[in-house]
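Engineer: Guided by the hints, dock chain B onto chain A, whose structure is given.
Protein sequences appear in the order of chains A and B.
The opening position of the first sequence corresponds to residue 782 in the working numbering, with each subsequent residue numbered one higher.
The opening position of the second sequence corresponds to residue 242 in the working numbering, with each subsequent residue numbered one higher.
For the record, the hints were derived by calculation from the structure and aren't laboratory data.
Hints should not be assumed to be uniformly reliable.
Said to hold, decoys possible - Ranges between beta-carbon positions, derived for each pair: (1) B/298 - A/920: 18 to 28 Å; (2) A/904 - B/308: 35 to 45 Å; (3) A/907 - B/300: 31 to 41 Å.
Claimed, not checked - Partner residues aside, some chain B positions facing chain A, computed with beta carbon under 7 Å: (4) 360; (5) 361; (6) 362; (7) 378; (8) 382; (9) 461; (10) 462; (11) 463; (12) 479.
Even for Gly, the Cβ is constructed at its ideal location relative to N, Cα and C.
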Amino acid sequence: MRGPRMLPVLFAMLFALAACGSEESSGEEGGGATEPSRITVFAAASLTDAFGEIGEVFSEDESVEVEFNFLASSDLATQIIEGAPADVFASADQTNMDNVVAEGLATDPVVFVENRLSIAVRQGNPQSIATLEDLENEDLVVALCNEECPAGRYSLEIIEGAGVTVEPDSLEADVRGVLTRVGLGEADAGLVYATDIAADPEVEAVNIPEDVNVIATYPIAPIEGAPQAASDFVEVVLSETGQGILIDYGFQVP
Amino acid sequence: MSKALIHSRRRSAKPPVAIAALAIVCVLFLLLPLVALVLRAPWGRLAGELAQPEIRSALWLSLRVSLAATFLSLLLGVPLAWILARWDFPGRSFVRGVALLPLVLPPVVGGVALLLVLGRLGLVGGLLEDLFGMRFFGTTAGVVVAETFVALPFLVLIVEAALRALDIRYEDAAATLGAGAWTVFRRVTLPAVLPALGAGAVLAWARALGEFGATITFAGNLPGRTQTIPLAVYVELQRGLDGAIVLSLVLVVISLTVIVAMRDRLVSSL
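If we strip away everything but chain A, and leave its shape as in the complex, we get (with noise of 0.2 Å):
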């Protein structure tokens, strides 16, 4: 089981060295007792867009940089686990929130938005597809995301709860491929997260349906033995600025 997590802690070893390289003079760990100015917050890569805005509010009310580490939340709660040096995590599913409060690194996680899945189209919707049984249409090219990512796995929940029968053309590495996919028009239709279309002007969405709709839940919490500061960029995510921005996003609060 060792070689799975090779990968995770390579990407953790090289972030690490990214961060001394760069900022070497203001790190938290030279600050001491005295409160630092700066705090790292682990996000899903879903939450790129809303939390840099967010990080920005956070910035000026409370004089404290925000610096940011967005990647699928699996390779997150590995880092984390492997002693990165993250002060908030934001995951994408409980099932990675989990195995960071299972290691002890973090207490009572709270859902702070709702992402649902959406069927993406090019903008104008060309063919007129209107809901997911028009995706068994085998003359359509469909993009989904494989099922290494969160969203493949729930993207075959939705197909196999709505009882259709969707042959894939391409299996992507991620959301954002199966977007740019839809985006060049090379893929006539693709299973992503409703955030990803809103953010994309390529593509536009078709809704799936709330009775088979999957619901992704975004937990953030505080790491252990991380400054005041991370709380404090907690609440704000949770208060209705922070709620606010992340509905301009495409989020739905809970």
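Structural biologist: Same frame as chain A, but now just chain B:
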């Protein structure tokens, strides 16, 4: 005799320590990754891993597609090599540059560029789909196109070099004796450069077999249809190292076989 002399003199020269040390570092740098791969391989489960349907289908697909790409490279590359070697036309160096471009271009960039031409919204891709129902994304044909794109330069490069080195008087003599241009090409030129043709084909095939960036960008990734061995290695890495190592070993064995089988041929043609 003088050749032998030079040879023995060369061999007796002792390298300075600094040069020898750096050369050793260089060898280790190239060799250790392969050693690590062999050491870390799940030898006990090798057969089981290789028998997995996804891995088997990746191997089979890779073989078929790389051979198709080699055939296409021969079909398209030999005529171009001949023209570059024999015909002095304006813009020849430009054409040669174009033919060698994929050698220096990152394969992913090649894949993006192919999308912009042959993609469904590309320059001619839409037309191809409307007229002939041809589509490259998510199809094996797309993989063949991507692999041919990156493999072609090797063939053109080697065959052109061989054609240039060929004494043109043989062709002239054949022409004087009444052979037409086509007959000269077929009966005199081609047989004379056959070894280079073989070397070029093998190199092109090896390059096609290892192709990753252009393939996944242009043709996507689907087991059985577009997922060749390198793509399968990439996907397996998301799951764990074992499957990726097994597939990597297969590629290493193939590469070593090519190098050993072609060692004299390759060095002299390049």
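Engineer: Each of the hints needs a verdict: does it hold here or not?
Structural biologist: Cross-check of the supplied hints:
no. : hint                      : in the structure
1   : B/298 - A/920: 18 to 28 Å : 24 Å, holds
2   : A/904 - B/308: 35 to 45 Å : 40 Å, holds
3   : A/907 - B/300: 31 to 41 Å : 38 Å, holds
4   : 360                       : 6 Å, holds
5   : 361                       : 5 Å, holds
6   : 362                       : 4 Å, holds
7   : 378                       : 4 Å, holds
8   : 382                       : 13 Å, violated
9   : 461                       : 3 Å, holds
10  : 462                       : 5 Å, holds
11  : 463                       : 5 Å, holds
12  : 479                       : 4 Å, holds
Of the hints listed earlier, the one the structure fails to meet is number 8.
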